[in-house]
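Between the sequences and the hints, there should be enough to build the whole structure, so can you do that?
For the first sequence, the numbering used here begins at 13 and goes up steadily by one.
Treat the hints loosely; a few may be bogus.
Stated by the list, open to error - Label pairs and their computed distance ranges (CB to CB): (1) T492 to E269: 54 to 64 Å; (2) N601 to N385: 32 to 42 Å; (3) D261 to R826: 29 to 39 Å; (4) Q642 to P171: 50 to 60 Å; (5) D99 to G765: 26 to 36 Å; (6) Q642 to A920: 19 to 29 Å; (7) T541 to R606: 22 to 32 Å; (8) D261 to K179: 25 to 35 Å; (9) Q642 to T486: 20 to 30 Å.
What the hints assert, rightly or not - Once the Cα atoms are required to be at most 20 Å apart in a straight line, the calculated EDC-like pairs of lysine to aspartate or glutamate come out as: (10) K564 to D455; (11) K397 to E355; (12) K660 to D570; (13) K660 to D675; (14) K278 to D109; (15) K359 to E410; (16) K719 to D912; (17) K660 to E695; (18) K780 to D811; (19) K780 to E762; (20) K916 to E905; (21) K187 to E257; (22) K90 to D200.
Read the hints as simulated data drawn from the structure, not as lab findings.
All of these numbers come straight from a predicted model, not from anything done at the bench.
For glycine and all other residues, C-beta sits at the position ideal for the given N, C-alpha and C.
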Amino acid sequence: MTQSDTPHLVLVDGSGFIFRAFHALPPMTSPDGVPVNAVYGFTNMLARMLREHVGTHLAVIFDAGRHTFRSEIYPQYKAHRPEPPEDLRPQFSLIRDATRAFNVPSIELQGWEADDLIASYACAVRKIGGTCTIVSSDKDLMQLVGDGVCMLDPMKQTPIGLPEVEKKFGVLPEKVVEVQALMGDSTDNVPGVPGIGPKTASALINEFGTLEAVLAAAPDMKKSKRRDMLIEHAEAARISRKLVELACDVPLPEPIEDLRVRELDKLTLADWLESMGFRSVLSRLGVSHPAGAHAHRVAHATAHASINGAAQTAATPAPSESTPNAALLAAPYSGYETVRTAEALQKWVSAAQEAGLCAVDTETDGLDPLNANMVGLSLATAPGKACYVPLRHEGTLEEPAGEQLSVQAALELIRPLLTDDTTLKIFQNAKFDLLVFDRAGLDYASITAVDDTMLMSYAQSAGLHGQGMDELSTLHLGHTPISYDSVTGTGRNRVPFAQVAVARATEYAAEDADVTLRLWHVLRPTLRTNQALALYEQIERPLSPVLAGMEKAGIAIDRAELGRLSEDFAGRMAVMEKEIHAAAGREFNVASPRQLGEILFDEMGLKGGKRGKAGAWGTDSSVLQDLADQGHDLPEKVLAWRQLAKLKSTYTDALLRQASTEDRVHTSFQMAITTTGRLSSNEPNLQNIPIRTEEGSRIRQAFIAPKGKKLISADYSQIELRLLADVANIPALREAFALGQDIHARTASEVFGIPLEGMDALTRRRAKAINFGIIYGISAFGLSRQLGIPAGEARSYIDAYFARYPGIRDYMERMREQARAQGYVLTPFGRRCYVPTINEKSAARRQYGERQAINAPLQGGAADIIKRAMVRLPQALKDAGFSARMLLQVHDELLFEAEDHEAKAVAALVRNIMESAAELSVPLVVETGIGHNWAEAH
DNA sequence: ATGTAAAACCAG
DNA sequence: ACGCTGGTTTTACATA
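Below you can see the structure in the form of structure tokens.
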């Protein structure tokens, strides 16, 4: 080591590092079975510090004990900290072993936090003219940055200097304590001033300079909640400042000169690394190592753990990484034509037909295609070559819209193009434009030869990124199109598209068509290379006009009945509200969970409250139900009130508002939202109409068939479990389905070893919960909570389940492996479901990714199957001579409207088509029902 | 005034 | 952190 006059002291925040590494790294164990992931991360980091010899002096600083001067002045300080997790506890002493093995001094001092020691060493080294690097990402240490002191993020290996501190706190390091005093810190229980967050705090400090100056200025501020809070909580802020300010004058347990970087004792180090199984560290250090054991990672850990992140698995290149050809990138996104005459439009139509393809886009005065009017349309025939046809622009006195074709005239000119099945029409989200044309007078069903870039992208990248045009353009073309907001303005400056100047509208709208066309050129080849062509051509693309028809049809509601329900709910809520206020002892907003929490747990002093992330009391239904079960009156009443409030606001009132003058509600199905291939429904969401409670089912009764007709419901029975039996190839489950047995009872019989005959309800319920749990990627914790049994018991159920059905465990592991290796899993029909979080460092997020990977093929496979049936059904109904219409899809259920006299025959046909939509190793079973309303049919 | 996050709860 | 996939409403708060 070189001697140097100006020491450079590296201080490693050992305590901070342990927690961060523990949560960031996958679980792993040493050869003798002790969890060591945090130790491994620490060892790697320390090795790196020594290898890159960033400093002349080095020490690792630890916390010592829980009691410090901070808990003296504020007993709640860090009081809510839970005990460290079980897997972390044995690692604390191992990390101290690591410092010894590396011959690095470790320093701690009773009564002081590591942060204070670090601050004191930093001050001391600065005083003697040296420099200091603090290896930590703890924001509390950022106040020390500057003047020879900098920080280094130990995981990301990125420096934290003045710019980073300023970005984080909005002020320079010397003002950080002032900001922290105002904003507080919930993780350490530093109170701060309520209602003041990072933004407000830094704004105040930048204005007044110090906490004291802010507090002094508070009484003169304009009257506001903020002013009152500053005055009321001034003392809390002063205490907070004392809590966050680090002590610079702690006596140094080791003089700085003793911290000079020491020689490694390679044998000691190699021995220790060997005992921990850290062979990779050994070889990286260039220390010769004896042959032997290596780190054994537990079953669920990725094999690519590394704090450098160097060995991340690479997902298969997404379509985004394909290189668009040069012509696509070269043509400018400008120079578009405004089309104002029949002749000009005719020329564009001819050009499109000559090219054999074009992109089409419509502009409207609204986002609901069933109520929006066409304001203009655009065509693109080649990259960079596009036009806009204004139709309903209004213009102003200074800037008249100029000559425009009528909607009628334009439609007649473009009809031959749209109905020409030798010219491909490319849309981004075709369903929307189809319905816009339909409303304008051009039957959507007559539009042929359609491609949809949104669906082309979704079919190969669900879950990887959004499928909006702007996002796809930025991703694949490297070009960000003009935003809609910049054209129409936002907030109260927003104008309808019809009032946008035609020249500006042309730049925007023609570009959209141009971008759509270019996206097609990029996505078309990748559909094949990503093996998504069949999925797109046979499922997604043909489904689009089917959904358009369903949205257009809508479903009839019983307006009078919904009105009565609303009244009924309102009346009962009013009574309950009075009772609730009486029981609470004062009036409050029953709809406010926060106020309710204060009443229950602060004022009434009830026990059993849990605080959420933001520190607010949790008052969800499980909490209230627990309190009700203890005999408390108020929580039970609130539960009942909430149920009615939900039903009224979300369903009865909203449906009455949304229904058309013909008393039908028209949902919108989103085709490219979910990560699994499911549809979603919104405005209104008709996929979550209540059914599970008595009150809720009254709302379903208000969805009706018009006079002379019936509703028919057809739903797949246990489709996801059938897929599981098929995909995981579980003989017992397959047999049960083949025999038409009660699948949950059969599971109970297999797993608990009791006869199928006379199965008791409780045991069956447990088996059912496990079956569903498997589909969702179960944990013992989750199952225990679901069933209200101890976690240990739940664990033993799961073990018994896996012992009986080892194929399911294999399936789960296969999906985890696939997701890790490729970044996605596949449904049985080849749909890719990306799982972007699968290789994350945080254990929680990674496990979430693993559950997604297990669930997606089942949920997505079911979505594929019902979509296949939906694509076939309209034609099948028509071919059979039925006038019946498909109205809704609810994931495993389809709802139809049919003439009274054909209802039974329609139900039989529907069942047939749905059951034959896929050929699995287990039968698909569909149950149908017929009724005057949805509740009856289901 | 307008936008957004968090909490709560509806469905499969 | 705590089983998967969604959407809507409300409150509470930050920002224009």
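**Asked** Can you list which hints this structure breaks, lowest number first?
**Response** 3, 6, 7, 9, 15
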